[in-house]
Amino acid sequence: MRHIKAINQKARRIDDLLSGTEGDIEGLQQSGGAERPHYPMGCSIVFSPGWEVDSSGGTAGLCQPVERDLYDCYISCYWPAQVPDHLNNYPEWTSKCAAATKDWRNIDLVFP
Amino acid sequence: MQRRNFLTALGAAAAAPAQTARLGTLFVGAWQKKIVVIDEATQKVTGEIDLKIDVPRSLMFNEDRSKILVHATKGCSFEIVDVATRKLERSFSLDTGGKNYRTSGLAISPDNKRLYSHVYAVDRKIDRFEVGKPQWAVVDLAGGKFEKFVELPKELQRIRGGGRGGGMRVSPDGKYIYLFRENVAIYSTEDFKEVDKIELSKPLFPGLERVTLGPGDDPHEPKGKVLGFFNSTDTVVHKTTFGFAEFDLTKRTFEFTPVGPSTSATLGLRLTPDRKTGYTVAFNGMGANRRCEFWIFDIASRRITKMQEFEGRSRFEFSLSSDGKTIYIYGAGNTVEMFDTATLRQVRDLDVNTDMTSNMLVLPG
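Which chain is which? The protein sequence lines are D and E, in order. With the numbering used here, letter number 105 in the first sequence gets 105, and the count goes up by one each step, no holes. With the numbering used here, letter number 60 in the second sequence gets 60, and the count goes up by one each step, no holes.
To be clear, the hints were calculated from the coordinates, so they are not data collected in a lab. This one's a predicted model, so the numbers in the text were calculated from it and none came from an experiment. Yeah, the Cβ is synthetic: ideal placement off N, Cα and C, and Gly gets one too. Careful: at least some of the hints might be erroneous.
[Claimed, not checked] Okay, derived cross-link-like pairs now, EDC-like style, lysine to aspartate or glutamate, Cα gap no bigger than 16 Å in a straight line:
hint, chain 1, residue 1, chain 2, residue 2
1, E, K202, E, E182
2, E, K34, D, E92
3, E, K325, E, E311
4, E, K74, D, D108
5, D, K102, E, D351
6, D, K96, E, D50
7, E, K74, D, D85
8, E, K325, E, D50
9, E, K223, E, D274
10, E, K34, E, D50
11, E, K74, D, D72
12, E, K52, D, E92
[Unchecked claim] Computed from the model, here is a short list of chain E residues facing chain D with C-beta under 8 Å:
hint, residue
13, T73
14, K74
15, T96
16, G98
17, R102
18, M286
19, S314
20, G333
21, N334
22, N353
23, D355
Only chain D is shown next, with the shape it has when bound in the complex (with noise of 0.2 Å):
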């Protein structure tokens, strides 16, 4: 409950400042720092691999293809929203699929 009401233009700057340090939607520019952009949902936007963005907010330090780097979704990443749930519910999904690369056609579709 707020018992406090800005009045007058001042007051208003403050609460609208506070309002945005304390609010629940994130400007994506707002944190991090000048050099390390800030990516609240993750490396992808979308839920599927090869639409990730590396830790300088490009492309160019992705792997090519991005097949190469799919076990690291689930492994050093671990952002298992665009792969399959290896470690609890589809541990074998990968199982007939030994190098994305070449294999990627092997791996399993996963109907949640």
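Got chain D; can you put chain E on it based on the hints?
Same frame as chain D, now just chain E:
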């Protein structure tokens, strides 16, 4: 050259060079829960070791290189592989019931009986997860269970990281454990009380940032010594400098030798069998502007003798062959690029037919 202790110089002089190594065997973790075995002489995959628990995240030799300790991806789980028979010996998980542990840094005791790590517990309750405080953990490797927990001091609790077994080393007598982070702290392995500390950025070494170590799997690293790189920033004009850091884990002495202008990042140092020459990969810039270079060092004089740019893949790791004549670039994919150390040109691209997921262990022949 800055010296804290004259004994360092004596220690360096006493270090005997390694014997000339023959070509040996490479072990690297791969997708589909296995370790790929590569023969260096024929440059072919000669076998695969099936694992039970999950995809390997990191590999470590024990002291006499008779076993490989595999840190699995799933939970706080480990598998032990016998090097001679190339078979999985046993697997164990340290997670219990709803309580899982997350590790940060690993080091095996010289007697191969214990594993030291930093862990924190994640306890699954009926309505929430409770995350515990970071602690020192001692694992009984024979029993496959935790032997002891000791709470970390407050200043260490907020510091995570250490990489693949990196950042932690045990002294040859097993009495001390070194923690290489923002500072270098030395703890007793009995009670985990701090016995000494090297504050890197204090007046003795103003501007010195953290020391970067390799994963500790270089077969030619002198026993009881650690060679790493450091970056320092001048406090007046903010010029960044790159250099060598050498630690003697027995005498607790160290020395720092500036080499030249700093670079964006380096991978760990790899030594030739005679320990006269060292190799690393240095990066300049990032993203689309990143340039990769091989750097060759003369270890005695601590000078860079050659730099050569190469087309590095987006993400990779590097290693050096047993005889010091071939550089391996691997990781994030199914191929190992081989470069001749004399010309620094690529001579072969080995397809291991599976994506690699861990560091590569080199077992000299």
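- [ ] Check each numbered hint from earlier against the structure, then list the numbers of those it violates in ascending order.
- [x] 3, 4, 8, 15, 16 and 17
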